[in-house]
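Trainee: Sequential numbering from 627 applies to the sequence shown in our numbering.
Be a bit skeptical, because a hint or two may be false.
Unchecked claim - In the EDC-like style, the derived pairs of lysine to aspartate or glutamate whose C-alpha atoms are separated by at most 16 Å in a straight line are:
| hint | residue 1 | residue 2 |
| --- | --- | --- |
| 1 | Lys762 | Glu1041 |
| 2 | Lys657 | Glu934 |
| 3 | Lys1028 | Asp835 |
| 4 | Lys722 | Asp688 |
| 5 | Lys722 | Asp692 |
| 6 | Lys1021 | Glu892 |
| 7 | Lys1028 | Asp796 |
| 8 | Lys886 | Asp833 |
| 9 | Lys1021 | Asp851 |
| 10 | Lys983 | Asp696 |
| 11 | Lys762 | Glu747 |
| 12 | Lys886 | Asp835 |
| 13 | Lys657 | Glu1007 |
| 14 | Lys983 | Asp693 |
| 15 | Lys753 | Glu789 |
| 16 | Lys981 | Asp693 |
| 17 | Lys981 | Asp696 |
| 18 | Lys1010 | Glu934 |
| 19 | Lys753 | Asp796 |
| 20 | Lys1010 | Asp660 |
| 21 | Lys722 | Asp693 |
| 22 | Lys1053 | Asp725 |
| 23 | Lys886 | Glu934 |
| 24 | Lys983 | Asp700 |
| 25 | Lys657 | Glu892 |
| 26 | Lys1044 | Glu763 |
To be verified - Between beta-carbon pairs, the in silico distance windows are:
| hint | residue 1 | residue 2 | range |
| --- | --- | --- | --- |
| 27 | Pro1015 | Gln952 | 46 to 52 Å |
| 28 | Asp873 | Tyr993 | 18 to 24 Å |
| 29 | Asn1011 | Asp851 | 26 to 32 Å |
| 30 | Asn685 | Ser819 | 31 to 37 Å |
| 31 | Asp873 | Ala1012 | 27 to 33 Å |
| 32 | Leu1046 | Asn685 | 22 to 28 Å |
| 33 | Ala662 | Gln952 | 42 to 48 Å |
| 34 | Cys867 | Val793 | 19 to 25 Å |
| 35 | Lys1044 | Gly663 | 36 to 42 Å |
| 36 | Leu1046 | Val793 | 23 to 29 Å |
| 37 | Lys1053 | Thr834 | 35 to 41 Å |
| 38 | Ser911 | Ser1016 | 39 to 45 Å |
| 39 | Gln952 | Thr1014 | 48 to 54 Å |
| 40 | Asp906 | Ser1045 | 42 to 48 Å |
In case anyone wonders, no lab produced these hints; they're calculated from the structure.
Quick reminder that beta carbons are idealized off the backbone N, C-alpha and C, glycines included.
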Amino acid sequence: MNHRISFLLFILFGFHAKLCGSSPITIQGYKMFDAAGNYFPVRGMDYFPRPNSGTLNENNYDWFTDDHIDVWRDHIAEFKALNVNSIRLYAVDPTKSHDKFMCALEAAGIYAIVDLAASCENCAITKDIAPTCYPKELKSRGELIIAAFAKYQNVLGFSAGNEVNLVVSDWTINASCQKKFIRDMRNYIQSCSSSMRSIPVGLAVADTDRIANAQYYNCRTNASDTLENAEWFGLNAYLFCDGTYNDRKTPHPGFSGLLKDIQSAEPSIPMLLTEYGCLDASFPSAGEHAAQRTWIQTAWLHSSLFREYFNGGFVFEFSTEKANSQSTSNFPFTSFGPQNYGTGYFSPSECDHDKIKCTFVRQPNFYNLSNEFGQVSIAQEPSKNAFTPSTSRSKPPSCPPKSPSLSSVSWNGVEQVKSLACPSNAKSFQCTATSLTKETAQAGQSPNKKSNC
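Construct the entire structure; sequences and hints are all you get.
Mentor: Structure, rendered in structure tokens:
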């Protein structure tokens, strides 16, 4: 039977059955677990399907809404082919419906980390000193997104920021603003506990001052404030850039150094690589395609040694963005280019997701990644009931030197912003056959295929 037809029948007649993606992932200590109590390894993909041309060939656009079914529908099957179980969304518009997209992901057993910030004005922590670095509008934006997405069982977490440490010369300049925003979002979720589940709030930082950042966002400058720390920590780290290295069992020095640093930070929360996948001309060619990433760092990241500190990560990225790549690598990106981050690209060269449909074309590194994700095993991982965090990591670490405290700043501006009302349907919403159109139901895979959730 055609896999699209069989998946449609599954949606229409069996959607109420338990799906691997229909129950929330929970955190215990520094590990994530699924509803059955099994360890949940994040095999993630950063997803921003930017077209090659047209008026929407830009950053900070929400492609995941109901009216963009024709854009994202076929990509869910690609995620399944990649053995992906999680994606990261960089920019969303909370005023629009995402029911079809999130329900199609759920049917495919795929979770999402949803960014609360974006690259629009007053949509993120800025480079200013505290408290100016925390725009009042950001607090409202974050609560709007949480209220809109809390109803989806497959929201893995919310990200309160992306690389805010990269816009300043010293990470301490705006760190308290980022930490305060995390606290405000956690407080909003807690205040709505009667009407929404507790979805973990974390952040993604650039790979600078690695140990200090890992400790600061995990620690509490006020030991009695249980909402101050992040609930997960993400690092955008591009470390394995030597394409001649091919030992899947022995981590490259860049990854060994990463593990050593995170071990010294003694995190009490899950750690993720929220972006990884260095590009370099030294990676091997495959047919006409130069410098195809091997993705063997995925084997290291999901090894038993790394799993004690990392819960997996997100590959950067699903599709190469022509706007970023065209100056150094001509379409269809067969030559090496320092911005050819995709596991594939969109064709034809002038497609715009509107008048000219963009079709995803896989490149050889797509298959390399699929193979590595497919080999991830959790056989040696303890269940949630059997897992006990190590003594040294059973509580937040001490704050690093120079840590800016929240109490040292007057937050009058954001404190005067009234929080939104709690969502009314966050606990009652269910993805059912009526949540999905025929077109949406076609996204995914046949239910007869063995699940790789």
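Trainee: Run every hint past the structure and note whether it holds.
Mentor: Structure-based check of all given hints:
Of the pairs offered as hints, the one joining Lys762 and Glu1041 holds, with about 9 Å between alpha carbons and a cut-off of 16 Å not exceeded. A distance of roughly 8 Å separates the Cα atoms of Lys657 and Glu934; the hinted pair therefore holds under the 16 Å criterion. At most 16 Å may separate the alpha-carbon atoms for a hinted pair to count; Lys1028 and Asp835 meet this at roughly 12 Å. The straight-line distance between the Cα atoms of Lys722 and Asp688 is roughly 9 Å, inside the 16 Å bound, and the hint therefore holds.
A C-alpha spacing of about 8 Å is found between Lys722 and Asp692, which places the hinted pair at or below 16 Å, so the restraint holds. Restraint check for Lys1021 and Glu892: the C-alpha separation of about 9 Å stays at or below 16 Å, so the hint holds. In summary, the hint linking Lys1028 to Asp796 is supported, as the alpha carbons are separated by about 11 Å, within the 16 Å threshold. Between Lys886 and Asp833 the CA atoms are separated by roughly 14 Å; this keeps the pair inside 16 Å, and the hint holds.
Restraint check: the Cα-Cα separation between Lys1021 and Asp851 comes to about 13 Å, which is no more than 16 Å; the hinted pair holds. For the suggested pair Lys983 and Asp696, the alpha carbons sit about 8 Å apart, so the restraint of at most 16 Å is met. At roughly 11 Å between alpha-carbon atoms, Lys762 and Glu747 fall within 16 Å of each other, so this suggested pair holds. Simply put, Lys886 and Asp835 have alpha-carbon atoms about 14 Å apart, close enough for the 16 Å limit, and the pair holds.
Distance hint between Lys657 and Glu1007 is fulfilled; the C-alpha atoms sit about 10 Å from each other, no more than 16 Å. Proposed proximity of Lys983 and Asp693 is supported: the alpha carbons are some 15 Å apart, at most 16 Å. Using a Cα cut-off of 16 Å, the hinted pair Lys753 and Glu789 holds, with the two alpha carbons roughly 11 Å apart. Distance hint between Lys981 and Asp693 is fulfilled; the C-alpha atoms sit about 15 Å from each other, no more than 16 Å.
A C-alpha spacing of about 12 Å is found between Lys981 and Asp696, which places the hinted pair at or below 16 Å, so the restraint holds. Under the criterion of a C-alpha separation no larger than 16 Å, the hint pairing Lys1010 with Glu934 is consistent with the structure, at around 14 Å. Distance restraint check for Lys753 and Asp796: the Cα-Cα separation of roughly 10 Å lies within the 16 Å cut-off, and the hinted pair is therefore satisfied. Distance check on the hinted pair: Lys1010 and Asp660 sit about 9 Å apart at the alpha-carbon level, within 16 Å; holds.
A threshold of 16 Å between alpha carbons decides the hint, and for Lys722 with Asp693 the separation of about 9 Å falls inside it, so the pair holds. At roughly 14 Å between alpha-carbon atoms, Lys1053 and Asp725 fall within 16 Å of each other, so this suggested pair holds. As the CA atoms of Lys886 and Glu934 are separated by approximately 12 Å, the hinted pair is consistent with the 16 Å bound. The hinted pair formed by Lys983 and Asp700 meets the criterion: a straight-line CA distance of about 12 Å does not exceed 16 Å.
Straight-line distance between C-alpha atoms of Lys657 and Glu892 comes to about 13 Å, which keeps the hinted pair within the 16 Å bound. With a C-alpha separation of about 11 Å, the suggested pairing of Lys1044 with Glu763 holds against the 16 Å cut-off. Judged by the Cβ atoms, the range 46 to 52 Å given for Pro1015 and Gln952 holds: they are separated by roughly 48 Å. Separation of Asp873 from Tyr993 is about 20 Å and conforms to the stated range, judged on CB atoms against 18 to 24 Å.
Look at Asn1011 against Asp851: about 30 Å separates their beta carbons, and that is inside 26 to 32 Å. A C-beta distance of roughly 35 Å is found between Asn685 and Ser819, which places it inside the suggested range of 31 to 37 Å. Checking the proposed 27 to 33 Å range against Asp873 and Ala1012 shows it holds: the Cβ atoms sit about 32 Å from each other. In this structure the hint that Leu1046 and Asn685 lie 22 to 28 Å apart at CB holds, the actual value being about 26 Å.
In this structure, Ala662 and Gln952 meet the distance hint of 42 to 48 Å, their C-beta atoms being roughly 46 Å apart. For the pair Cys867 and Val793, the supplied restraint of 19 to 25 Å holds, since their beta-carbon distance comes to about 24 Å. A C-beta distance of roughly 40 Å is found between Lys1044 and Gly663, which places it inside the suggested range of 36 to 42 Å. For Leu1046 and Val793, the Cβ-Cβ distance of about 27 Å falls inside the hinted range of 23 to 29 Å, so the restraint holds.
Range check, Lys1053 to Thr834: Cβ separation about 40 Å, and the 35 to 41 Å hint holds. Hint check: Ser911 to Ser1016, Cβ distance near 44 Å, so the stated range 39 to 45 Å holds. The supplied range of 48 to 54 Å is met by Gln952 and Thr1014, whose beta-carbon atoms lie about 52 Å from each other. In this structure the supplied range 42 to 48 Å holds for Asp906 paired with Ser1045, their Cβ-Cβ distance being about 46 Å.
Checked against the numbered hints above, the structure violates none of them.
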